[in-house]
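*Asks:* Here's the letter readout for the chains.
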Amino acid sequence: MVLEKYILAAITTNPSKIPSGTAVFHCEDKKEMEIIAANLEAILDGIAHALTEELYVIVKH
Amino acid sequence: MSEYTYPILFGLAIGTLTRIYMLRTDYRQYPTYLHGKIIHVALGFIAAGLGTVAIPSIMEEDFTAITFLTLAASQFREVRNMERNTLTELDSYEMVPRGKTYIEGVAIAFESRNYLVIFTSLLSTLGYLLFNIWGGLAAAVLAIVVSTKLMSGGRLKDIVDVEFVEPRFDGAGLYVDNIYIMNIGLPERQEEVLRYGMGFILNPKNFNARSTIANLGQRQAILHDVSTALGVYRDSGTPALVPLAKRDLDDGRVGVFVLPQVKDVNKALRVIEAVPTLENAIRMPSERQTNGKGS
Numbered sequence: 001m002v003l004e005k006y007i008l009a010a011i012t013t014n015p016s017k018i019p020s021g022t023a024v025f026h027c028e029d030k031k032e033m034e035i036i037a038a039n040l041e042a043i044l045d046g047i048a049h050a051l052t053e054e055l056y057v058i059v060k061h
Numbered sequence: 001m002s003e004y005t006y007p008i009l010f011g012l013a014i015g016t017l018t019r020i021y022m023l024r025t026d027y028r029q030y031p032t033y034l035h036g037k038i039i040h041v042a043l044g045f046i047a048a049g050l051g052t053v054a055i056p057s058i059m060e061e062d063f064t065a066i067t068f069l070t071l072a073a074s075q076f077r078e079v080r081n082m083e084r085n086t087l088t089e090l091d092s093y094e095m096v097p098r099g100k101t102y103i104e105g106v107a108i109a110f111e112s113r114n115y116l117v118i119f120t121s122l123l124s125t126l127g128y129l130l131f132n133i134w135g136g137l138a139a140a141v142l143a144i145v146v147s148t149k150l151m152s153g154g155r156l157k158d159i160v161d162v163e164f165v166e167p168r169f170d171g172a173g174l175y176v177d178n179i180y181i182m183n184i185g186l187p188e189r190q191e192e193v194l195r196y197g198m199g200f201i202l203n204p205k206n207f208n209a210r211s212t213i214a215n216l217g218q219r220q221a222i223l224h225d226v227s228t229a230l231g232v233y234r235d236s237g238t239p240a241l242v243p244l245a246k247r248d249l250d251d252g253r254v255g256v257f258v259l260p261q262v263k264d265v266n267k268a269l270r271v272i273e274a275v276p277t278l279e280n281a282i283r284m285p286s287e288r289q290t291n292g293k294g295s
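Order-wise, the sequence lines are chains A and B. So the first sequence is numbered by my numbering: it starts at 1 and just counts up by one. So the second sequence is numbered by my numbering: it starts at 1 and just counts up by one.
No lab work stands behind these hints: they were computed from the structure. A hint or two may mislead.
[Said to hold, decoys possible] Simulated restraints, written as ranges between beta carbons of each label pair:
1) B:ASP251 x A:LYS30: 19 to 29 Å
2) B:ASP251 x A:LYS60: 26 to 36 Å
3) A:LYS5 x B:ASN206: 48 to 58 Å
4) B:ASP235 x A:MET1: 54 to 64 Å
5) B:LEU69 x A:LYS60: 47 to 57 Å
Every residue gets a Cβ at the ideal spot worked out from N, C-alpha and C, and that includes glycine.
Just need the whole structure built from these sequences, with the hints factored in.
*Replies:* Laid out in structure tokens, this is it:
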């Protein structure tokens, strides 16, 4: 089976909302979250999607 | 020299010239200079040869010679395979791929144009042998006119109305009109997308068109053509900057989101209107007897 989409990492400012089973990056504030998401997007060749204001995921398409 | 030498040479020349005429390198950048062209002119020459000797063979009552026209069929089916394989291989390196449906359309065109060459050569040699060189020329002109008509397919503007809409964000969601395109999280990416992005709505003119533009291959062809004509703001490793076409499930409209390098609305509209309707994407639900005419 070929996975077409896969969550590579999650970036959050709210530790209580972290998903399990994937790499999670905790951030102090939204600004830090955006910087880390932008870097991870470039490194992982994925797209940073915003699920909520405090949770981003990097998805490989 | 036999009595057939001139008619055969004439048929060969007309056939090869027809192939050259049909072998246009246009915005699709295909076939490329110079070797791609040589292959097709050579194959066109062979096709012209096959078509042109058919008539003298019949006149000499050498009917078995006609059977090698069947050879032509398998020969040119091979042309189609060749084109399909090449383009499929190359497609993975395109910024915005053509898509399988578009490739199949190109491959079919290459095969069928060789048959048009056979047809043209056959008719012109027949005209020459029945009348004289002028008869041959008249037959050639007629055949070329018919070929030109047969080789030009429909354009998108025949089946849809295209309208420009500025794309917008609702939260992290990117929209063209009310059609959801994708989720872009980073604010800087969003700014980029708004700066370079253009949105278009394709309104199908009837029920048949609705199914045709729903075809994923047809949508990919639109994205590819716009990206070739106007450039694309994209690189490998920036998957967020991807042109996409999504469908409104309620009424079958298609929202096209592109990132051209040249942000010229009129040009983009003209490019989209001139996208060929792929023959493999055309659907005609109205031809079913249970349905009415397309409305």
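*Asks:* For every hint, state whether the structure bears it out.
*Replies:* How the hints compare with the structure:
Here the CB-CB span from B:ASP251 to A:LYS30 is close to 38 Å, at odds with the stated 19 to 29 Å. Remark: the range hint 26 to 36 Å for B:ASP251 to A:LYS60 is upheld by a beta-carbon distance near 33 Å. Distance hint check for A:LYS5 and B:ASN206: the Cβ-Cβ separation is about 35 Å, which falls outside the suggested range of 48 to 58 Å. About 30 Å separates the C-beta atoms of B:ASP235 and A:MET1, a value inconsistent with the hinted range of 54 to 64 Å.
For the pair B:LEU69 and A:LYS60, the beta carbons lie near 52 Å from each other, so the given range of 47 to 57 Å is met.
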